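So you can see what is in the structure, the chains are spelled out below.
Number of protein chains: 2
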Amino acid sequence: MKVEESRKYWVALNLVLAEKLKAAKKIVDHFSTIEEVFKASSRDLIALGIEKEKAEALTSSKILDQACREIEKLERKKYSIITLEDASYPEYLREIFDPPFVLYCAGKAEALKGPAVSVVGARKPSAYGRAVAEKIARDLASRGIVIVSGLARGVDSIAHWGALEGGKTVAVLGSGLENIYPREHHTLFHKVIEQGAVVSEFPLRSPPLGFHFPIRNRIISGLSLAVVVVEASKRSGSLISARLSLEQNREVMAVPGNITSGLSQGTNWLIKTGAKLVESWEDVAEELPSPLKEKLLSQKEEKKEKPPSMSPQEKRVFELLGLDSLTHIDDLVEGTEFSVSEILSILLNLELKGLIFQRPGKYFQRRL
Amino acid sequence: MKVEESRKYWVALNLVLAEKLKAAKKIVDHFSTIEEVFKASSRDLIALGIEKEKAEALTSSKILDQACREIEKLERKKYSIITLEDASYPEYLREIFDPPFVLYCAGKAEALKGPAVSVVGARKPSAYGRAVAEKIARDLASRGIVIVSGLARGVDSIAHWGALEGGKTVAVLGSGLENIYPREHHTLFHKVIEQGAVVSEFPLRSPPLGFHFPIRNRIISGLSLAVVVVEASKRSGSLISARLSLEQNREVMAVPGNITSGLSQGTNWLIKTGAKLVESWEDVAEELPSPLKEKLLSQKEEKKEKPPSMSPQEKRVFELLGLDSLTHIDDLVEGTEFSVSEILSILLNLELKGLIFQRPGKYFQRRL
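Chains as they are written, first to last, in the numbering used here: chain A, 34 to 401; chain B, 34 to 401.
What the hints contain is simulated information worked out from the structure, not anything from laboratory work. Just so you know, not all the hints are guaranteed correct.
Identical chains blur together in the list; that is why a pair holds if it fits in one copy or across any two.
Straight line, CA to CA, 30 Å or less: simulated BS3-like cross-link-like pairs of lysine-lysine [to be verified]: (1) 348 - 53; (2) 72 - 326; (3) 72 - 168; (4) 328 - 267; (5) 348 - 146; (6) 348 - 106; (7) 224 - 328; (8) 141 - 53; (9) 386 - 305; (10) 58 - 95; (11) 348 - 110.
As the structure is a prediction and not an experimental result, all values here were calculated from the model.
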């Protein structure tokens with residue numbers, strides 16, 4: 034069967050089971066083609082562990098007609114549909130435990146190919162969180178990273194707006210594409226599809242039900258190489274997203290904040306439990322895979338101003354260090370009139386100026 | 034020679050070489066007793082690499098008289114002196130690369146025995162830094178931890194004041210005990226010696242010279258099991274202290290802050306490069322050695338209110354977990370009607386409520 038033909042079966046399956054990840058996965062794993070699902074009896078499906086009501090919906094004579102009507106509506110809107118069988122299905126998303134088998138897509142589907150980083154966080158961020166979300170999204174997008182988020186209020190929408198300043202962004206909805214939520218983000222929706230895409234696994238008219246959002250979050254992180262959390266209270270959905278991202282082997286990073294701010298408790302907790310602390314786009318870039326990381330960081334080099342100045346003492350120590358060799362701290366103490374404390378202070382200053390770096394075992398080296 | 038008699042030799046050596054850590058270490062390592070140093074000729078000392086001026090000072094006939102007068106002054110003030118030979122010399126301080134061979138001590142010398150944690154940071158902290166320094170010092174001191182700091186303006190003095198609310202504190206000066214710096218901390222000096230001690234390796238009248246402070250910092254961390262940095266700008270002395278503390282194998286911890294605050298750039302940098310993120314005294318306690326750690330954290334348990342409530346879903350999952358056994362996440366998915374996303378969300382909530390913890394490999398366990 035051609036991909037075009039199989040499409041209606043995927044859409045039909047999704048109309049019934051988009052909200053039931055476990056059941057959907059059971060079916061997809063059991064049948065060798067999507068067509069076969071619709072040859073099965075409801076008894077077969079129930080035996081697989083599918084609820085009676087869902088099994089009957091799947092075997093009803095109406096379901097394929099409904100799917101065809103859904104596809105027609107999509108075509109009229111110029112939305113596209115991407116199934117697990119499509120070569121254009123986003124590569125990273127395919128790797129997660131429970132990839133959506135259908136993605137409804139408004140806008141430019143190629144944006145889904147990334148490379149992407151998601152920026153998520155509190156629904157009601159502080160001024161601090163807003164400023165940080167905007168800057169990190171803009172800085173990354175302007176360097177070619179697609180910013181993925183959830184079109185939600187707060188950090189999500191700020192991240193989309195920040196990304197739109199400089200590049201591409203992708204929004205993943207917890208409702209259908211014809212049921213944009215929250216309503217006030219209609220303008221943002223249209224801006225996003227001009228420069229990127231809005232996607233959803235839920236049928237076109239699906240409402241934004243509460244339990245859709247944690248399910249949706251696995252797509253946000255699934256599309257991304259890394260997830261940056263900007264402000265999150267201690268019991269927020271963003272932490273659940275972050276945990277899910279770890280399960281998907283995504284890098285999880287967080288922006289720290291004052292311990293007196295409830296909105297930073299979640300991000301500080303993430304950092305304490307292993308998430309990388311993010312202060313700038315460079316911190317994000319450093320955790321991305323090669324050669325993307327090097328490509329991004331070389332853009333930093335290009336924009337770099339003249340090297341920082343050094344004190345005579347710093348120059349003294351700097352000149353004892355090599356570009357492609359390691360020097361032990363003992364040799365620096367031996368080779369100069371400085372005490373251990375003084376050498377350490379000088380080395381630290383050189384490191385903070387970005388002129389040298391430290392290697393394990395108290396070895397030091399110049400930066401290129 | 035009795036310890037009492039050798040004392041004047043140590044004081045004499047210190048009068049000449051307190052500021053010259055490398056030279057002092059050379060001498061102490063070379064001679065088998067402190068008395069022998071004063072039998073050596075200035076030529077012998079110069080051959081060891083001691084500057085001519087210092088060698089001549091050490092061999093001058095006046096130096097031992099000066100030392101005796103220094104000791105008399107100390108006795109009049111009821112200050113004590115602790116040398117490297119004394120059994121009462123602080124155990125942890127003795128382990129560092131370059132321990133001071135003489136400690137002048139005002140107040141209660143037993144406070145030097147710890148267990149101690151140092152709290153250091155910016156000279157001009159923000160309101161945030163002040164609040165945090167005070168609380169962490171107070172919380173730790175009231176649980177029996179001696180708070181060590183530098184009597185400096187800002188975080189140092191706030192940490193001392195906080196500690197005085199609940200327990201003991203030790204101040205380490207960069208000047209002599211008769212030259213308290215900064216002047217406005219006279220009251221604090223006297224408060225500290227009532228409940229703890231003020232120490233210095235510098236002779237009584239030594240001025241607070243700039244280069245004394247990095248030297249002094251090695252004593253602050255040397256006396257402590259761990260160093261907590263509360264606010265530090267990117268090029269601050271606190272970062273040098275922190276680096277020194279790492280060299281001394283001390284735990285380095287830092288309080289995070291907004292990335293938009295210059296005063297948090299140093300602490301965020303420390304966290305990014307491996308320092309533990311600190312939000313509360315419990316975070317500090319968790320990094321201290323056993324059995325101290327357990328003793329401190331059990332105080333937390335005693336003060337604990339009734340356990341947090343659970344939703345029916347949380348209760349469901351909680352009841353599948355054991356107190357002394359590990360349960361894999363797959364078994365929780367298998368054993369319930371919940372999807373992977375839902376289980377993750379429930380587990381995260383239970384973890385945030387302090388009811389369970391996660392172990393490597395996606396295993397979960399109840400907390401005791």
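Quick rundown of the hints versus the structure:
Taking the closest pair of Cα atoms, residue 348 and residue 53 come within 30 Å of each other only across two copies (22 Å); inside a single copy the shortest separation is 64 Å, beyond that limit. For the identical chains of this complex, residue 72 and residue 326 are neighbours neither inside a copy (48 Å) nor across copies (64 Å), given an alpha-carbon limit of 30 Å. When the C-alpha separation of residue 72 and residue 168 is checked against a cutoff of 30 Å, the pair qualifies neither within a copy, at 52 Å, nor between copies, at 68 Å. In this homomeric assembly, residue 328 and residue 267 come within 30 Å of each other (Cα to Cα) only across copies, at 27 Å, whereas the closest approach inside a single copy is 35 Å.
Taking the shortest alpha-carbon separations for residue 348 and residue 146, neither the intra-copy value of 46 Å nor the inter-copy value of 40 Å comes in at or below 30 Å. For the homomeric pair residue 348 and residue 106, neither the shortest alpha-carbon distance inside one copy (69 Å) nor that between copies (44 Å) is at most 30 Å. Taking the shortest Cα distances, residue 224 and residue 328 sit within 30 Å of each other inside one copy (28 Å), while across copies they are farther apart (58 Å). For the identical chains of this complex, residue 141 and residue 53 are intra-copy neighbours only, at 28 Å inside a copy versus 68 Å across copies, given an alpha-carbon limit of 30 Å.
Proximity of residue 386 to residue 305 under the C-alpha cut-off of 30 Å is found in both arrangements, the shortest distances being 26 Å within a copy and 16 Å between copies. Taking the shortest Cα distances, residue 58 and residue 95 sit within 30 Å of each other inside one copy (23 Å), while across copies they are farther apart (90 Å). In the homo-oligomer, the alpha carbons of residue 348 and residue 110 never lie at most 30 Å apart, since the shortest distance is 64 Å inside one protomer and 46 Å across protomers.
Violated hints, listed in ascending order, are 2, 3, 5, 6 and 11; each of the other numbered hints is respected by the structure.
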